[in-house]
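Each chain is listed here by its residues.
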Amino acid sequence: MTVMEQRGAYRPAPPPAWQLRTDPEPLLPDAAPYRVLGTEAAAEADAQLLLRLHAELVRGRRYNTQATALTKQGRLAVYPSSTGQEACEIGAALALEERDWLFPSYRDTLAAVARGLDPVRALSLLRGDWHTGYDPREHRIAPLCTPLATQLPHAVGLAHAARLQGDDVVALAMVGDGGTSEGDFHEALNFAAVWRAPVVFLVQNNGFAISVPLAKQTAAPSLAHKAVGYGMPGRLVDGNDAVAVHQVLSEAVRHARDGGGPTLVEAVTYRMEAHTNADDATRYREDDEVAAWRDHDPLLLVERELTARGLLDEDRAAAVRENAEAMAADLRERMNQDPELDPMDLFTHVYAEQTSQLREQAAQLRAELEAENESDGAAR
Amino acid sequence: MTVMEQRGAYRPAPPPAWQLRTDPEPLLPDAAPYRVLGTEAAAEADAQLLLRLHAELVRGRRYNTQATALTKQGRLAVYPSSTGQEACEIGAALALEERDWLFPSYRDTLAAVARGLDPVRALSLLRGDWHTGYDPREHRIAPLCTPLATQLPHAVGLAHAARLQGDDVVALAMVGDGGTSEGDFHEALNFAAVWRAPVVFLVQNNGFAISVPLAKQTAAPSLAHKAVGYGMPGRLVDGNDAVAVHQVLSEAVRHARDGGGPTLVEAVTYRMEAHTNADDATRYREDDEVAAWRDHDPLLLVERELTARGLLDEDRAAAVRENAEAMAADLRERMNQDPELDPMDLFTHVYAEQTSQLREQAAQLRAELEAENESDGAAR
Amino acid sequence: MTTVAVKPATMGQALGRALRDALADDPTVHVMGEDVGTLGGVFRVTDGLAEEFGDDRCTDTPLAEAGILGTAVGMAMYGLRPVVEMQFDAFAYPAFEQLISHVARMRNRTKGAMPMPITIRVPYGGGIGGVEHHSDSSEAYYMATPGLHVVTPATVADAYGLLRASIASDDPVVFLEPKRLYWSKAEWNPDTPETVEPLGKAVVRRTGRSASLITYGPSVPVCLEAAEAARAEGWDLEVVDLRSLVPFDDETVAASVRRTGRAVVVHEATSFGGPGGEIAARITERCFHHLEAPVLRVAGFDIPYPPPMLERHHLPGVDRILDAVARLQWEAEN
Amino acid sequence: MTTVAVKPATMGQALGRALRDALADDPTVHVMGEDVGTLGGVFRVTDGLAEEFGDDRCTDTPLAEAGILGTAVGMAMYGLRPVVEMQFDAFAYPAFEQLISHVARMRNRTKGAMPMPITIRVPYGGGIGGVEHHSDSSEAYYMATPGLHVVTPATVADAYGLLRASIASDDPVVFLEPKRLYWSKAEWNPDTPETVEPLGKAVVRRTGRSASLITYGPSVPVCLEAAEAARAEGWDLEVVDLRSLVPFDDETVAASVRRTGRAVVVHEATSFGGPGGEIAARITERCFHHLEAPVLRVAGFDIPYPPPMLERHHLPGVDRILDAVARLQWEAEN
Ligand SMILES: Cc1ncc(C[n+]2csc(CCOP(=O)(O)OP(=O)(O)O)c2C)c(N)n1
Ligand SMILES: Cc1ncc(C[n+]2csc(CCOP(=O)(O)OP(=O)(O)O)c2C)c(N)n1
Ligand SMILES: [Mg+2]
Ligand SMILES: [Mg+2]
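Protein chains in written order, with the working numbering: chain A, 641 to 1020; chain B, 641 to 1020; chain C, 988 to 1321; chain D, 988 to 1321.
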């Protein structure tokens, strides 16, 4: 019998039981980035928080300039500066509790340092002495991640695992505008939403992926609009407004901790320096654009608010500056010392237990090193 | 000089030049799937179109049942039936012009057949005589694609290439609800939107990815809501309403052809049979659910409209049925013949020119086959 | 603890039992993948696990292999021990970046601070009449990735023992399950199953004096059959089941070849750039002066895996193995 | 047609010139990738192409490698000839599913109806002080994938010629560009550049009688240096530059080893499961009775690529090559 032959009432039913799974409305971001500094709401910003953010921003900026200087001296293999993006880096670090986890990308050394990680150990990757210079579990900072967006599913898995274990830990994962184009971004956000994992995704939209401007990266109204496609809230924030970033991230972290699931935050910001010291930004962008953003410098915004409220006198400013200089001096000094490296470490951490293949190769290298030492000794 | 020391007007400027790149509003899908059959709009549906859709649906259903029967007789290695989803398959096939391209998934043999591809050649993959039994360029039907969502970037590239060549060709790419979770789905949609490529993405949301229900696949309000995150329109349609599917796809195809760029269409439908003949759907869903959808059978919807309008008399119905039976009989007969296969083909198409390595291996197989033949001959 | 007393058991059942026992013994073990929950996996290996241990311990994930493995990395970072299923060999490819750049390197990257005790189960190989993408033998990719263990069972008992050992390993293991042996049966007592400890030991499945067949996974039964057939030709073949491709048991393999003086490496994976090259090279490096003939390889042809109707021409079978043995320059001895 | 007269030219410049000439000669050629347009690529290989040929012929894509290669597949389906750049070796991994399941198989899948004339340029290898993920040698993965050609130049002239031939090929070519040779220079006339025809021919870079060094890409200059140094030890080494790993030039390689009777395979990729195993096995199969010693391998250790400060210990250098040559059982001859 074909279906035709089944007679029955003409029932104009919609597909059975179909309905929107969630209300899209509250998931959609506002049409303009959320701002505090320079608006009336700034008056309500807590003075202590402002001062703290200011000190961290000054220190952060100094950290960026010092690290870039170290590349010129050959003390760093490469440095992707976050100058101009410090409000995002600091905002991310300060939004988290100690038990929370940070998943930084290669550009986010500063967020790790602002969380309290030793600046020299944070630079291990970029200096080239080892891939990660710290114990991620000790600091709850995942390794600085280079393959774009690949750290995002890690953040989801970790947050999910924590929740399964009954721990109220939140993971904050950082990625660039370019990174949102990768499949891993999509898969991570989807897993997070389906699992309702306590994760906050922070996209620093700094306008470029190396030379590629945002317009060649996406046609979306904003990157935050991607959130609705996963069923999580999308939030748009002025990434140079440290107070706004801190507020939005703190709320998203709280939401996640309270079992509300993940949030996607797009922070609109700008990369003031080249992609890395090895890049030449004049090949792909005009000085005008950079100059326009200089007026919107994250440091400037906080300083002006502090100054307007009379919270930043010369003494305080000097103290902040000195503290930053001291950090820079320490960094310089320690980075100028050659690290002690043991080539035999090459074989130590590949597996829990060395395979016989690796034992053979380790023996070969050890013999070579001994021979080198001997001939060095003989030469002396 | 720190930034602090640069004095200037307190400019409460937003991030320079920032604005939404497109208006999200028109990109968002409606809250309920678009329907025609069973609504007042049905009265306006063209009678010829209705009759054509009806004939194709009957033929399509018959094709599905016949193919499934062939698996039981060992004539097909496997068959993923599109029973219940015929409106999507037919709608996709009929929305396209001859110069357009179809990118089917493994479940979409029917769409290819409805486009005019020889049913036997269309089953080559599932029968196991070769991976693709037809020349995709001749029919403008890409190979039935098994790795989920991987055909979507192909559709984008092809559509983009056509546009670069000045051809007004549109590509329609089909994928399942499960496939939307893959990174390739995301990357394809993003490329399409950025390139404004003439592509239509048709997601057949049939409620399941094998055993996994949609709720474990996504938390999005609907799959069509993903579109806004790429800056393309998302459309939601009742996938069992052949008229609605045909309308929505035809519009999306026209929009693409006119340079309007891609559209994401979610067709809400249901897989009435198991995932494939090898699957046991009773392990993961209740008969009730299946039964509810039986009342929303795509064939039923069209038949009732035709009957209500007095367009389908017994003669017409019988002719349609006979036509479908003739197709099935032909399919049965031809599929019951063993295909002629040449094992040496294994080496012929790996490269344009055989490598010396393949020549050696081909020689080995040839020798083996000759030896086999000889001993067969000797045995005879 | 329900005991499924199955004697004889299939390899699929033994694998399921290994997962069950691992879940029961260690609360940090989590099984995850496509259709592993309610359905019990397309090969039913995970049948009953979600019911017994709940959806959080045996989870149907969204359909995205990189996401599955990537989230497993995060779970491992938090101290869990994920057991991930890739539904078929070719569907593991989307997860390669996570596998190569993270799973295999995280321990080394962090100087041991962050091990990756992840087991990645991959049904692999052909011979089941599967359509395209369902019969790949991808072990060469895994072998070329330092930081991974690569393990594959050939018997019912090993399926259990090696999987338990893999899950217990503090390093990532790509656990390759020979699809066509899922239904192979053996007398096996699920109440006193033996684990294999440690990973990385080959086993001589059949002793012989004439030549060594070095093989693994789905090709082990084929080689044993070939060895039986070879008796008619007067050859007494030894069959070595590698069980673990990484680490590689040089000792057992070299000892066998030194004894026999001749070797054929047999596997389904394509020949060029496949596992056999490495194996033959290692044997030659270690046993050169014991070899009467070059180490030969019987492997899949250097072609994409064929459609079902042609796969028998591609797979290394008894005849092809015997042909290779015949080419081992016996005249040199006689 | 602007002529950039650069003498001597770097390998990077020769590659750029090859792309330029291909774009000029064939309107179906399209260059695409991350930063290949405005910036001219992070290694400046595509410098000036977008300006000369427009954004549609040399396109900055969104940042997604699977998307890049996947759309290239679609473009090839429509008759274009995409030349895709993967920014660094390790960033090609996200594209592996597209590469293995589609690029390598589409011709075969469609019985030749749908060839894939795609060239995938991958800067590879170490020695440039790159941080993690910027120095991988992933050729083993490509070699193990039937349907791909795998090509790698070692000289400025070959960079041009092999790239032209690769783009002209009707089959997909993974074109591996040795990063640390980008700045290597040679006298080279861009106005009469020579193409290499056909792909798949190795070349003897230095003739010698004592032993053959079989190598490719970044290790070719190292082997030539080693051969010079070996003269002091009384060894006259032959150096074979493979240029193409797939197809493999068995003839040239076997002829060399038959002449010398000894061989060392040298490459940066890790040893276990790396290209050397295949190469050594092939040589042994073909030259067994000519070999005075087993074919040895000098390769990267079986470890994830090390951080910059330690990479010199990992890379095969002159000393390690000479050590291997010394182990070629010279007593057998003397
Ligand atoms: C998978 C992958 N592909 C390519 C690269 C090379 N790469 C490094 S940074 C970069 C641009 C990233 O842009 P974005 O995500 O916007 O971050 P930003 O650098 O602006 O912070 C690229 C292409 C990479 N690291 N990983
Ligand atoms: C990359 C990849 N992973 C896994 C599979 C195995 N597989 C085949 S069909 C299927 C479910 C697909 O569900 P959906 O996309 O909803 O399409 P449907 O089968 O419902 O038409 C799975 C997991 C595959 N083919 N490709
Ligand atoms: Mg950016
Ligand atoms: Mg589905």
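Some hints here could point you the wrong way.
If the Cβ cut is set under 10 Å, some of the chain B residues that face chain A in the computed set are [said to hold, decoys possible]:
| id | residue |
| --- | --- |
| 1 | L667 |
| 2 | A671 |
| 3 | V834 |
| 4 | T858 |
| 5 | K866 |
Here are the simulated lysine to aspartate or glutamate pairs, DMTMM-like style, with alpha carbons at most 25 Å apart [claimed, not checked]:
| id | chain 1 | residue 1 | chain 2 | residue 2 |
| --- | --- | --- | --- | --- |
| 6 | C | K1188 | A | E1000 |
| 7 | C | K1098 | A | D978 |
| 8 | C | K1188 | C | E1238 |
For the record, the hints were derived by calculation from the structure and aren't laboratory data.
Ideal Cβ positions, reconstructed from N, Cα and C, are used throughout, including at glycine.
Hints and how they fare:
no. : hint               : result
1   : L667               : holds, 7 Å
2   : A671               : holds, 6 Å
3   : V834               : holds, 5 Å
4   : T858               : holds, 6 Å
5   : K866               : holds, 3 Å
6   : C/K1188 to A/E1000 : holds, 17 Å
7   : C/K1098 to A/D978  : holds, 19 Å
8   : C/K1188 to C/E1238 : holds, 9 Å
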